[in-house]
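Engineer: Residue numbers (this note's numbering), protein chains in the order written: chain A, -10 to 258; chain B, -10 to 258; chain C, -10 to 258; chain D, -10 to 258.
Treat the hints with care, as some may be off.
Put simply, identical chains are the same to the list, so a pair is met inside one copy or across any two.
Said to hold, decoys possible - Derived DSBU-like pairs: lysine-lysine, alpha-carbon spacing no greater than 35 Å straight-line:
id : residue 1 : residue 2
1  : K99       : K203
2  : K19       : K112
3  : K62       : K112
4  : K99       : K62
5  : K203      : K62
6  : K112      : K203
7  : K62       : K15
8  : K15       : K99
These aren't lab readings, by the way, just hints derived from the structure by calculation.
Protein chains: 4
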Amino acid sequence: MRILFLGDVMGRSGRRAITERLAGLKARLKADFTIVNGENASGGMGLTGPHARLILDAGADCVTLGDHAFDQKDMLSFVAEEPRVLRPLNFAREAPGRGHRVFQDARGRKVLVVQALGQVFMKRPFDDPFSAVDQVLRAHPSGGLVQAAVVDFHAEATSEKMAMGHFCDGRASLVVGTHTHVPTADAQVLPRGTAYQSDAGMCGDYDSVIGMDKAEPMRRFLTGMGRDRFTPAEGEATLSGVLVVTDDRTGLATEIRPVRDGGRLQPGA
Amino acid sequence: MRILFLGDVMGRSGRRAITERLAGLKARLKADFTIVNGENASGGMGLTGPHARLILDAGADCVTLGDHAFDQKDMLSFVAEEPRVLRPLNFAREAPGRGHRVFQDARGRKVLVVQALGQVFMKRPFDDPFSAVDQVLRAHPSGGLVQAAVVDFHAEATSEKMAMGHFCDGRASLVVGTHTHVPTADAQVLPRGTAYQSDAGMCGDYDSVIGMDKAEPMRRFLTGMGRDRFTPAEGEATLSGVLVVTDDRTGLATEIRPVRDGGRLQPGA
Amino acid sequence: MRILFLGDVMGRSGRRAITERLAGLKARLKADFTIVNGENASGGMGLTGPHARLILDAGADCVTLGDHAFDQKDMLSFVAEEPRVLRPLNFAREAPGRGHRVFQDARGRKVLVVQALGQVFMKRPFDDPFSAVDQVLRAHPSGGLVQAAVVDFHAEATSEKMAMGHFCDGRASLVVGTHTHVPTADAQVLPRGTAYQSDAGMCGDYDSVIGMDKAEPMRRFLTGMGRDRFTPAEGEATLSGVLVVTDDRTGLATEIRPVRDGGRLQPGA
Amino acid sequence: MRILFLGDVMGRSGRRAITERLAGLKARLKADFTIVNGENASGGMGLTGPHARLILDAGADCVTLGDHAFDQKDMLSFVAEEPRVLRPLNFAREAPGRGHRVFQDARGRKVLVVQALGQVFMKRPFDDPFSAVDQVLRAHPSGGLVQAAVVDFHAEATSEKMAMGHFCDGRASLVVGTHTHVPTADAQVLPRGTAYQSDAGMCGDYDSVIGMDKAEPMRRFLTGMGRDRFTPAEGEATLSGVLVVTDDRTGLATEIRPVRDGGRLQPGA
Ligand SMILES: [Fe+2]
Ligand SMILES: [Fe+2]
Ligand SMILES: [Fe+2]
Ligand SMILES: [Fe+2]
Ligand SMILES: [Fe+2]
Ligand SMILES: [Fe+2]
Ligand SMILES: [Fe+2]
Ligand SMILES: [Fe+2]
């Protein structure tokens, strides 16, 4: 199976790139199943129901969220109604929606998607992601009832991300990080067959501060004092993520390829 | 000028790769000047004098450090004697050594190298890096007495790193991050001519947790309790960093190319 | 019932004060049951088995720990054998020992003791303490099979501590903080009958930096660079904590009194 | 000289207590000079010009701020015009206003007031407070041109606060912490004559979460998700702080007494 994963869609620039270019990218990469992280698609903070629908309509089979999951309050009800949108497993005990689900591709092959939040360097505390992911992976053994399994690990620290990769190695098709908004160049298939990249990067304008217009974040870094709200940068977005090729029998990866399309970043390998 | 920058050398695996392969890499890339971050070369924590000398002898013109600068206590005296080793500008008020220096390449062209520490998500507090770097760049205007200027920004958060890139844009040849031990795939020349990559990555074994043998860090993530010390992973290192091509007249970049050589990572673009 | 709770015993100075003065303090305060936090009794970092025994022999009915629970490795086996020593409920999934236990005073009255770790401003992440404490309190309703219930909330942030106080209000006899090593002056009985103080303070030398000899911590604050290990300050310790008077029928508090005995601090109210 | 220092005034409840009871408290304590921390007086976040004036009119000779200094935007201009309001020395390089000033009491005796922010566990990074305070104290030696010197150290960690106390010992009349909103019970005169208390506590309702109405902060701790804004609790405030008695010749302290007046807390010693 060929699975395309794209990182955090950032504001209007990111949404436009998804709307205009996702279909073509999927065709070019022959993607069977597509996952898009949407936690910053609405004004850079959270995801509204209409924007979630827009990403699904543009070709995503599944939309994941992150620490900004419910910044837009209508997501609290939307996520409960739209099973294709996942929030992190360990977001909060009473969060609506769910953190994993088994999807099907057009040919009926089953794909487990799971999302979890890291604990290191996050703005607020979350419960242990390792045991949460472990429980889901144990319930869906690779090469069993599901043909592929993808873990979106929404985390800051490279140490915690690499540890999650190794923790899932041999049990998932792909462990890919999100949250830092910068793609990493460490795509590899780990020793026991799980594809891994520390961060997918964002679908946003890379002439920015992690997708935000530079002026206000730089004012805060330079003067220690803010003045305005953050707003997403408006330049052309790079669609950024990975393509994984998996073996349907084992659920493991045979190849991982960085994907970067449009905007300022150099194209993926 | 062609400047090669390699990220954090990690333990014996990283040192061996530097010793055995740096000369060849420099030749292949036709590097005029080479900077290597050495903050983890000795047991993964800090840098001893002998290991600093080894990196210099292998072909580095300058060795930078980081938050682990003085984990090896002999560096406290070594850094004061060996001007080719720099510690961060804002490491501590009373730190020995210095945070910037003007070097010369073989043809006599001058290269300013500066290192600063970030403030976000670091284990201990450091003073503002922006004003520290600003002061040094103002004293060494690009296209003036120096032909090139490189800023090693040793920091965790992608937001702070991108902000530093824009802050130096048009004033430095290269702003490159270190510290996360994972290379990023966002190499670009910023609008006013400064080359930028959020992190150079490490020179170490990428089948690891940020260069450390997996067993102990994973035990800590999974059980919440440590048992042993961290030790560097021993597999073949990938040399990871960037090559920047600069214009001697302006001090600005005309090209930036990711460099990845050997080990598990896919070769640089 | 009259319950005495003393905060973090700090090194030799703290141990000596416990050995020499705890019996007298208990007699003077007519304490029926005594709990002592011992997480720093051994060199300021953790608690050895022999030092735990010393505190128990000096008159503690229960010894609680904290984030330093297993800094001394022999506690990993000792805690499993000595049921009077508790470690935090949410220390780590695989930690030996337990986080709560029902004790008896000399007259057979039952006292539940629970310890949990906070999540805010702690050096490493812990799982949610509120649901952990909730589960224990629900299983031991006040005025039921237990005559009193004490929660030692080992946490840094005053916000999280006050929230825990209110969360347990009407369900516990006492919620008392530990970990900051400084007693707070906010002793009160909360609206529904639970006694509360944000921090018990330490049993240690208050001419120090949180119980440690000043020289090294001040060197680190002032120069940004450490040189030696931390060692506990050796001046006379103040025994610091609270006395709670409870109603055996309801398990709620009728009075809370700060306790400070000896050393530099002004005596408790 | 008798100096009264009161901690963070919290919302309307705190303002009302200041307006109605500060004059009486000053009379009862025979205070010659009064300092009030006002960083939370306006809706719990920052201080407006009119509320600053209200505190000054109620009898404060000096109002200090904190990390919330400019949450209310009109303070950016007000602080520049009203020299009796101080913001932290190390708030930000480009912050308006100033971080220290020499005041006079009714008898013409000079009192230096300084405020600095801690670096440990704060929401954003600040530059080193030790060197900032050092510079001011060196310029105003005790027993010289000023008769007394007060340092308001707005910080979270007890370790950093105790270190600041010792750092100023023998050079200031009083080092008192603010920011945690809970008074500590460690008032003492340090070995070289500086009075010290880790935190002054707040002037606010102590049936709250650090002065805020319990409902919303508890919802966030318990469910991991917020719903509303924070609003200050409205119950009767305890005025909380310290009284220091100093020797005009040396500028050092002869006595420090905790002050707690009204509301839920037990009265000061
Ligand atoms: Fe994001
Ligand atoms: Fe995020
Ligand atoms: Fe490093
Ligand atoms: Fe580092
Ligand atoms: Fe402690
Ligand atoms: Fe502790
Ligand atoms: Fe405050
Ligand atoms: Fe504050």
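Engineer: All the hints need checking, so say for each whether the structure fits it.
Structural biologist: A quick look at each hint next to the structure:
Only between protomers do K99 and K203 lie at most 35 Å apart by alpha-carbon distance; the minimum there is 31 Å, versus 42 Å within a single protomer. For the homomeric pair K19 and K112, neither the shortest alpha-carbon distance inside one copy (38 Å) nor that between copies (44 Å) is at most 35 Å. Taking the shortest Cα distances, K62 and K112 sit within 35 Å of each other both inside one copy (19 Å) and across copies (25 Å). For a Cα distance limit of 35 Å, the shortest separation of K99 from K62 inside one copy, 31 Å, qualifies, whereas the shortest one across copies, 46 Å, does not.
For the homomeric pair K203 and K62, the shortest alpha-carbon distances inside one copy (26 Å) and between copies (22 Å) are both at most 35 Å. Proximity of K112 to K203 under the C-alpha cut-off of 35 Å is found in both arrangements, the shortest distances being 21 Å within a copy and 21 Å between copies. Taking CA atoms no more than 35 Å apart as the test, K62 paired with K15 passes inside one copy only; the shortest distance there is 31 Å, against 48 Å between copies. Taking the shortest Cα distances, K15 and K99 sit within 35 Å of each other inside one copy (19 Å), while across copies they are farther apart (48 Å).
Hint 2 alone, counting from the list given before, is not met by this structure.
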